[in-house]
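Given these sequences and hints, build the entire structure.
Protein chains: 2
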Amino acid sequence: MKTITSRDNAQYKELVKLAGNAATRRKLGRTLLDGVHLCQSYLQLRGLPEQCIVSESALQHGEVMDIVGQLEARHGHVLALPDSLFKAISQVEHGIGVMFSVATPERSVSGPLAVNAVLLDGVQDPGNMGSILRSAAAAGIREVYCSAGSAYCWSPKVLRAAMGAHFVLDIYENVDLAELVRNARVSTLATSGYATQRLYDVDLRQPVAWLFGHEGQGVADDLLSLATHQVVIPHLGQVESLNVAACAAVCFFEQVRQNQV
Amino acid sequence: MKTITSRDNAQYKELVKLAGNAATRRKLGRTLLDGVHLCQSYLQLRGLPEQCIVSESALQHGEVMDIVGQLEARHGHVLALPDSLFKAISQVEHGIGVMFSVATPERSVSGPLAVNAVLLDGVQDPGNMGSILRSAAAAGIREVYCSAGSAYCWSPKVLRAAMGAHFVLDIYENVDLAELVRNARVSTLATSGYATQRLYDVDLRQPVAWLFGHEGQGVADDLLSLATHQVVIPHLGQVESLNVAACAAVCFFEQVRQNQV
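Protein sequence lines, in the order shown, are assigned to chains X and P.
Take the first sequence: its position 41, counted from the start at 1, is 41 in the UniProt record's numbering, and no numbers get skipped.
Take the second sequence: its position 249, counted from the start at 1, is 249 in the UniProt record's numbering, and no numbers get skipped.
It is worth saying that the hints were derived from the structure and are not from the lab.
In this text, a Cβ means the ideal position worked out from N, Cα and C, and glycines have one as well.
A couple of the hints might just be wrong.
Computed cross-link-like contacts, DMTMM-like style, restricted to lysine to aspartate or glutamate with a CA-CA straight-line distance of at most 20 Å [claimed, not checked]:
(1) K157/X x E93/P
(2) K157/X x D125/P
(3) K13/X x D83/X
Short, incomplete list of chain P residues facing chain X, as computed with Cβ under 8 Å [claimed, not checked]:
(4) S131
(5) A139
(6) G140
(7) G164
(8) V168
(9) I233
(10) L236
(11) G237
(12) Q238
(13) A246
(14) F253
Next comes the structure, spelled out in structure tokens:
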């Protein structure tokens, strides 16, 4: 275990940048996983991080001791920081002081859609993005494709909201969704308040690609017109629509239901 | 229309407090609805606000002109502010400068649960709270009961996330949920990863009360033990649970589906 105590240390300064700056994270292709749950999930599902960063007081914490122990047994890198220095790079209030620095996978689309997938066209809110990833993973969907205008999936807020879903998903970013839909070997389903076919009346027992859009504007018209089906989630109240993450959850688990009946 | 140009004006200073301080909002029993959509919804569903506050530049905006016109025709109160003063009380970035000051209804539970309802035990995140209210309203559920430890439903963040759902719901706060469940004339359903009965196997064609809990800890054990049914949403992936708002949406719309089959 290495210890840094000075704010002027070059390695610490890089962590400060990584924590505070989205552009730095994208440029370096790295992000920070903050908190016990994310670090445990990563260790279990993806293996060793580039580095584990712990606050001095967290070294007394049982779950953190376990994480550090696993890393040291496998010759991983552990960096200890005084609590004040750790706090300056953590976004979790009242959290337990542990984080991983990890590489963010960059995937290129290599073939046509052939299995269950989620396509996100300009989803903006990190909480929504994280909730959609989490629901997709819980519903057994593995592939997620995001347009250039969507929120960055590997930001700390999205990571926190997704609760480890990232580590069981294959996430593709900056994807040309129109091309993906045109070449898809599965049906593409978009929800729309104007559609006449109900979600419940579509046969979801084969793989489909779910298409969701921007919180305000929905899926872009040119992309929507490429979808195989437009379906409506029937509403009983006076409220006009669902939050995009709620809408996605309803769709994913209607598919789970149909496959289990 | 009245105009205030000084930051030292007593009425403006009260608005600053109302905008920035949750305790003030609770104490005064008032809140601010920020943005065109919330104001339009309130006018349509609940009627005149105590006051409409507009920025000077927003007075040129078509939808705001329409709102102000409706208020003046019905002798409502409109207050115009210079853009800089408006911006200081608005939490919406790049928004159109219009908000309503409205009374927050305080309801007392007056009888046993007898219709569809949502019971929230310590839901913390304003985005989750708003999404649940929005989904409930869209699914035609009208009654929402929140425990003392839940997020305040009338905070600006919850209001924004709920997109007007507040105005078609009867929301009860600081409710003794255990007493409510004990006296209920409808079944109470809680979701749990440990339950053996699937959501899809419960008959939801009669009214039920849905019980959801804190994001991390779930429903408190003593309350959970009072629920008539514990049900599981089947998961296909390695991710252990759904976000509470996603979970609620799946439940509400499974009920909609069963009632429409």
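Hints versus structure:
Only pairs whose Cα atoms come within 20 Å are accepted, and K157/X paired with E93/P is accepted, the gap being roughly 19 Å. At most 20 Å may separate the alpha-carbon atoms for a hinted pair to count; K157/X and D125/P meet this at roughly 13 Å. At most 20 Å may separate the alpha-carbon atoms for a hinted pair to count; K13/X and D83/X meet this at roughly 16 Å. The beta carbon of S131/P is positioned within 8 Å of a beta carbon in chain X (closest approach about 4 Å), and the interface hint is therefore held.
Because the closest C-beta pair between A139/P and chain X is about 6 Å apart, less than 8 Å, the hint holds. Interface hint at G140/P: satisfied, since its Cβ lies 3 Å from the closest Cβ of chain X, which is below the 8 Å cut-off. Taken as an interface hint, G164/P checks out: its beta carbon lies about 7 Å from the nearest beta carbon of chain X, inside 8 Å. Given the 8 Å rule on beta carbons, the hint for V168/P holds: about 5 Å separates it from the nearest Cβ of chain X.
The beta carbon of I233/P comes within 6 Å of a beta carbon in chain X, closer than 8 Å, and the hint placing it at the interface holds. For L236/P, the interface hint holds, since its Cβ comes within 8 Å of a Cβ in chain X; the closest pair sits about 3 Å apart. Interface restraint check for G237/P: the shortest CB-CB distance to chain X comes to about 5 Å, inside 8 Å, so the restraint holds. A distance limit of 8 Å between C-beta atoms decides the matter here; for Q238/P the minimum to chain X is near 5 Å, and the interface restraint holds.
Annotation: interface hint on A246/P holds; nearest CB of chain X at approximately 4 Å, less than 8 Å. The interface hint given for F253/P holds, since its Cβ lies 5 Å from the closest Cβ of chain X, which is under the 8 Å cut-off.
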